[in-house]
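Kindly generate the complete structure, drawing on both the sequences and the hints.
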Amino acid sequence: MENVIYFDNAATTKVRPEVFEQMNKYFSESYGNGSSIYKIARESRKAIEQSREKVAAAINADKNEVFFTAGGSESDNWALKGVAESYSSKGKHIITLSIEHHAVLHTCQFLETKGFEVTYLPVEEDGIVDINKLKAAIRDDTILISVMFANNEIGSVQPIEEIGKIARQKGIIFHTDAVQAVGHIPIDVKAMNIDLLSMSAHKFYGPKGIGALYIRKGIKITPLIHGGAQEKNRRAGTENVPAIVGMAAALELTVKDLNEESARLARLRDKLIDGILSSIPYSRLNGSREKRLPGNVNISFEFVEGESILLLLDMKGICASSGSACTSGSLDPSHVLLAIGLPHEKAHGSLRLSLGMFNTEQEVDFILKELPPIISRLREMSPLYEDFLKNSKSDVK
Amino acid sequence: MNYSEKVMDHFMNPRNVGEIEDASGVGTVGNAKCGDIMKVYLKIEDGIVIDAKFKTFGCGAAVATSSMATEMIKGKTIQDSLKITNKAVMEALDGLPPVKVHCSCLAEEALHAALWDYAKKNNIVIEGLKEPVDDISEHENIAQED
Ligand SMILES: Cc1ncc(COP(=O)(O)O)c(C=O)c1O
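Protein chains in written order, with the numbering used here: chain A, 1 to 397; chain B, 1 to 146.
Keep in mind that the hints were calculated from the coordinates and are not lab data. Possibly wrong hints are sitting among the right ones.
[What the hints assert, rightly or not] Some chain A residues close to chain B (C-beta under 10 Å, calculated; not the full set):
hint, residue
1, Ser-98
2, Ser-262
3, Ala-263
4, Ala-266
5, Gly-306
6, Leu-311
7, Leu-312
8, Glu-345
9, Ala-347
10, Gly-349
[Claimed, not checked] Cut-off 25 Å, straight-line C-alpha distance, at most; resulting in silico cross-link-like pairs (DSS-like, lysine-lysine):
hint, chain 1, residue 1, chain 2, residue 2
11, B, Lys-6, A, Lys-393
12, B, Lys-53, A, Lys-390
13, A, Lys-390, B, Lys-121
14, A, Lys-316, B, Lys-6
15, A, Lys-291, A, Lys-63
16, A, Lys-390, B, Lys-120
17, A, Lys-165, A, Lys-63
18, B, Lys-74, B, Lys-53
19, B, Lys-53, B, Lys-120
20, B, Lys-83, B, Lys-53
21, B, Lys-53, B, Lys-121
22, B, Lys-121, B, Lys-87
23, A, Lys-220, A, Lys-256
24, A, Lys-271, A, Lys-291
25, A, Lys-390, B, Lys-76
26, A, Lys-165, A, Lys-208
27, A, Lys-208, A, Lys-170
28, A, Lys-81, A, Lys-208
[To be verified] Pulled a few chain B residues facing chain A out of the computed Cβ check, cut under 8 Å:
hint, residue
29, Met-12
30, Gly-128
31, Lys-130
The beta-carbon is built from N, C-alpha and C at its ideal position, and this holds for glycine as well.
Right, dumping it as structure tokens:
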């Protein structure tokens, strides 16, 4: 394969070679069903339980509070539907954010059809919720607050600790979709008063299709997947042992040098942001400058459209993504960019570059060199830019 | 998203990008809200389109259909120009992904809008040409939204 410069780590990541290696054995040697009795099955069982311990340790949970799922979407679905079902006699009101991932938003919309009421809180211009608005939204019948730890598009990190404290004081269950945060920012479910937390291995150099839901001891939650007795009767289905092993190995490795790596990424991120904003006029950073995932860059370029940028970047071997409608398969641009107040045309012209452990400074330099001519080229072609230049000329007169 | 080689060629090397200073007709369609704007300039002499240029804000398919549509209209009589349908543009590009078909409709509309402008300026009626639905005033309003 040609040289690929991968700047789309928020979409998914490459599996670390060490992780891949550890998984191998559970495909071809210790392939037993974790519920069976013989030796190769006992090996599977042992691997599952050791993995559970590793995952629990990464977020300061107890091993009995970690349940494996088939990824972030399942964890989010389970958390929301399971709590709604279990606590509906107490109340039917849920609070979430307008910028959540669709795994949460669409689940909430589904719950609305089942008689639940959902408040979708707005966020401020920096993509972060105003804690006073959250407090004001709490009602006597609020049973659940679900607020994402960090946003997948603009990288904004929410005040999770504060929200956890409020929820605990009010006796409301607190779920956080931490799919973009786990392995990237330190998380302590106890200190942060988190009751439920979703994670997904493919965002931290593990395999796809495996995740976990942390369920604090004492939280009631009906199963989403009914069947066998796996996961203490809470999530049926023969365990995906290689994936579970891969997830735990990836998380253990990632958390081990989290501080160092996030500092390295944040430096690259800031170099990228500053470099782009200073070399390309009429560009703006989306999301908070400070409360931001270490690897997230999201910038809007006026007068150009995102898919065109992506196609031209692809020609240079650079993988990235955009919040433009064209890349979402609908006519509307990203709901997150609209929620932070971007007008449609600026949302269409957004570019997300998400950095990860395999990115180097040379790659950052490469994109800083390649991007400005791409934007200029598209602007030369843009009737919006033409109008803008004509109008600014007539203003001078 | 899988674009044909022709679409990629017209996106990477768009024909006829630019403006015509003394255009006979100019048409703009689409709006920034939905992510596509096409502006087509035509130079018409003795009933023949002798030159065509465009500027487009939009995705790969929007640029490619603008490029192809302007390429197709050059040298045509006004009546033959009306035969450049969105389907013809799409076929000439070896097809478009289903979600991008609207780009080819926009390209057809942009040609029609430019022809309409020409007819209006010259006080003539072009048989079979309807007033473009998506005319320029619409996105001027949207531009002011900002
Ligand atoms: C914030 C967030 N939540 C949920 C998901 C869904 O995770 P998965 O792809 O593992 O189902 C993703 C990733 O796509 C995400 O970024």
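Each hint, compared with the structure:
no.	hint	verdict
1	Ser-98	19 Å, violated
2	Ser-262	32 Å, violated
3	Ala-263	36 Å, violated
4	Ala-266	32 Å, violated
5	Gly-306	8 Å, holds
6	Leu-311	5 Å, holds
7	Leu-312	8 Å, holds
8	Glu-345	4 Å, holds
9	Ala-347	9 Å, holds
10	Gly-349	9 Å, holds
11	B:Lys-6 to A:Lys-393	37 Å, violated
12	B:Lys-53 to A:Lys-390	18 Å, holds
13	A:Lys-390 to B:Lys-121	22 Å, holds
14	A:Lys-316 to B:Lys-6	19 Å, holds
15	A:Lys-291 to A:Lys-63	30 Å, violated
16	A:Lys-390 to B:Lys-120	24 Å, holds
17	A:Lys-165 to A:Lys-63	23 Å, holds
18	B:Lys-74 to B:Lys-53	10 Å, holds
19	B:Lys-53 to B:Lys-120	19 Å, holds
20	B:Lys-83 to B:Lys-53	18 Å, holds
21	B:Lys-53 to B:Lys-121	19 Å, holds
22	B:Lys-121 to B:Lys-87	28 Å, violated
23	A:Lys-220 to A:Lys-256	32 Å, violated
24	A:Lys-271 to A:Lys-291	16 Å, holds
25	A:Lys-390 to B:Lys-76	31 Å, violated
26	A:Lys-165 to A:Lys-208	32 Å, violated
27	A:Lys-208 to A:Lys-170	36 Å, violated
28	A:Lys-81 to A:Lys-208	23 Å, holds
29	Met-12	7 Å, holds
30	Gly-128	27 Å, violated
31	Lys-130	23 Å, violated
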